[in-house]
Amino acid sequence: MIEVKDLTKRFGRKKVLNGVSFTAEKGQITCIIGINGVGKTTILNGIMNLTPMNSGLILIDGKKVSKESYEKITFIPDAITMLPQMTIREAMQFMQDFYNSWNEERANELLGFFKLKQEERISNLSKGNTAKVNLLLGLALDVDYLLMDEPFSGIDIFSREQIADVFTSHLVEDRGVIITTHEINDIEHLIDKVVLLDNGVVLKEFNAEEMRASEGKSVIDVMREVYKG
Amino acid sequence: MRSYFKLVNFELGRFMKIYLVLIGITIISQIAGVIVKSRGYLSEANQAIIVNSMPKEQFLEQFGQMSMGTFTQSIWFMGPIALCIAALIFYCFFIWYRDWFGKNTFIYRLLMLPTARLHVFLAKVTTIFLLVIGLVSIQLILLPIESMILKFIVPIDLRADLGIMEIISNSRYLFVLVPDSFIQFIINYGIGFMVVFIIFTAILFERSFRLKGILLGIVYSVLSIIVFIFPLLLEIFFGVNYLYPTELFVTEVILAIIVICAAIWTSNYLINKKVTV
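Protein sequence lines, in the order shown, are assigned to chains U and B. Residues in the first sequence are numbered from 7 upward in steps of one, following my numbering. Residues in the second sequence are numbered from 1017 upward in steps of one, following my numbering.
Quick caveat, the hints were computed from the structure, so don't treat them as lab data. Mixed in with the good hints, there may be bad ones.
Label-pair ranges, simulated between beta-carbon atoms [unchecked claim]:
#, chain 1, residue 1, chain 2, residue 2, range
1, B, 1204, U, 204, 58 to 68 Å
2, B, 1116, U, 65, 25 to 35 Å
3, U, 176, B, 1269, 38 to 48 Å
4, B, 1149, U, 164, 47 to 57 Å
5, U, 132, B, 1288, 35 to 45 Å
6, B, 1041, U, 132, 55 to 65 Å
7, U, 164, B, 1029, 30 to 40 Å
8, U, 122, B, 1269, 51 to 61 Å
9, B, 1288, U, 12, 46 to 56 Å
10, U, 65, B, 1028, 36 to 46 Å
11, B, 1243, U, 132, 50 to 60 Å
12, B, 1261, U, 12, 58 to 68 Å
Once the Cα atoms are required to be at most 27 Å apart in a straight line, the calculated DSS-like pairs of lysine-lysine come out as [to be verified]:
#, chain 1, residue 1, chain 2, residue 2
13, U, 21, U, 11
14, U, 121, B, 1289
15, B, 1290, B, 1228
16, B, 1290, U, 70
17, U, 20, U, 210
18, B, 1289, U, 78
19, B, 1289, U, 20
20, U, 123, B, 1022
21, U, 210, U, 223
22, U, 20, B, 1290
23, B, 1022, B, 1290
24, U, 73, B, 1119
25, U, 78, B, 1022
26, U, 73, B, 1290
27, B, 1290, B, 1119
28, U, 123, B, 1228
29, U, 223, U, 234
30, U, 21, B, 1290
31, U, 21, B, 1228
32, B, 1022, B, 1289
Built from N, CA and C at the ideal position, the CB exists for glycine as well.
Isolated chain U, as found in the complex (with noise of 0.2 Å):
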């Protein structure tokens, strides 16, 4: 389980995030949801400690996150963490050089799924190619929890479905994904737990399914609840 407790993160005099907690169950597909920027980046990147908090904690298994929790969990950011001029074959080894939970038979399954060729140099792919290396870097390590940073922003629909095809599949079951988005649609039926964010704050924290049972709720219909009214 990834425990967020307390988060503050104050950038110059703006006070980004003003005690945020929530959990992330593995198994679970949780999804962070606010405008843009309030704050929902920032909160990965504290997870991963790739900025610093001012206060809180954040634990994943109960630990707090070390060199070897990039074993266990990995980033998905909204742009590709690869030079541009490697091919993606390149940074597939890359990967497999640094990372003991590298999978490399993932990894080919996944160049086969979102149809990539593995000679292509990272800088000459489209948009929704460059998303989908992005991912494959991501989903081929054999961790257990993985966070993704707006997956579908600015990607053309045929990509979107295919990436959102991922998440029904084997190759995210039984880990735990903590999603961002701004955009609920593309992946609402997908989703476990819901976290939604204003002002630095967590203003609800619910299970879908139990929403929609209970309440008869949607996603959506929770959110213009909360933001609208």
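Please arrange chain B on chain U, whose structure you already have, making use of the hints.
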């Protein structure tokens, strides 16, 4: 430790194309230069001795003998060295900033590697070290080749033959790059790499605290330099000069080690706790 070596290999690979171009420019410029300069000298000699019937002794008195010493003062020789030095100084900064800027922010990947983050820092320092040593080695290989070309073109009675060490000690600049004693080597390269450590730490200050970090980086750098030149400052400002040259050398080595250790400790702290993508 394996990750550290892999990172060094990776970092070297990232600069290799530009590095090979720098080596290429050095080789072409210096080899072409020694040919042009030697032939130029020879044609001057021919003009003076054969066409103008000047006695050879008078020509040598007036123009001097051609030697590698003369050639190493020329732009053909010094130009590429200056270019390489400028490129490496620039790369000391670019080796960090290239990971943050641009479309693909590679720093995310580097910071998420399942290895000590200090390895990323040390791999970059090692890369700069190897690049410098590599260029100096190429220069040491080039010198005897250039000397041979000069001997081939200029007849023995018009040239002064110098050994490699003589060529180096005759040139003010080469002498800094290739010192004639181990102690001098330690001093020159020790100071050089201490400065690289200080620059890298200052960059991490900036990458951690941005605008405020620039100020912190400058203050940190000035403090480090003050620590290193403290005995010198004592002498200049207070006239205190208790140390013999050997004692001064040992003191400076100890101070350099302290400055480098402080840089590594500070960088380790910053890259683990403060740096931000």
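Evaluated hints:
no. : hint                        : result
1   : 1204/B to 204/U: 58 to 68 Å : 59 Å, holds
2   : 1116/B to 65/U: 25 to 35 Å  : 28 Å, holds
3   : 176/U to 1269/B: 38 to 48 Å : 60 Å, violated
4   : 1149/B to 164/U: 47 to 57 Å : 52 Å, holds
5   : 132/U to 1288/B: 35 to 45 Å : 37 Å, holds
6   : 1041/B to 132/U: 55 to 65 Å : 37 Å, violated
7   : 164/U to 1029/B: 30 to 40 Å : 35 Å, holds
8   : 122/U to 1269/B: 51 to 61 Å : 54 Å, holds
9   : 1288/B to 12/U: 46 to 56 Å  : 22 Å, violated
10  : 65/U to 1028/B: 36 to 46 Å  : 38 Å, holds
11  : 1243/B to 132/U: 50 to 60 Å : 53 Å, holds
12  : 1261/B to 12/U: 58 to 68 Å  : 59 Å, holds
13  : 21/U to 11/U                : 16 Å, holds
14  : 121/U to 1289/B             : 40 Å, violated
15  : 1290/B to 1228/B            : 13 Å, holds
16  : 1290/B to 70/U              : 16 Å, holds
17  : 20/U to 210/U               : 22 Å, holds
18  : 1289/B to 78/U              : 20 Å, holds
19  : 1289/B to 20/U              : 21 Å, holds
20  : 123/U to 1022/B             : 26 Å, holds
21  : 210/U to 223/U              : 14 Å, holds
22  : 20/U to 1290/B              : 18 Å, holds
23  : 1022/B to 1290/B            : 25 Å, holds
24  : 73/U to 1119/B              : 26 Å, holds
25  : 78/U to 1022/B              : 21 Å, holds
26  : 73/U to 1290/B              : 15 Å, holds
27  : 1290/B to 1119/B            : 23 Å, holds
28  : 123/U to 1228/B             : 45 Å, violated
29  : 223/U to 234/U              : 15 Å, holds
30  : 21/U to 1290/B              : 18 Å, holds
31  : 21/U to 1228/B              : 18 Å, holds
32  : 1022/B to 1289/B            : 24 Å, holds
The structure fails hints 3, 6, 9, 14, 28 (numbered hints given earlier, in ascending order).
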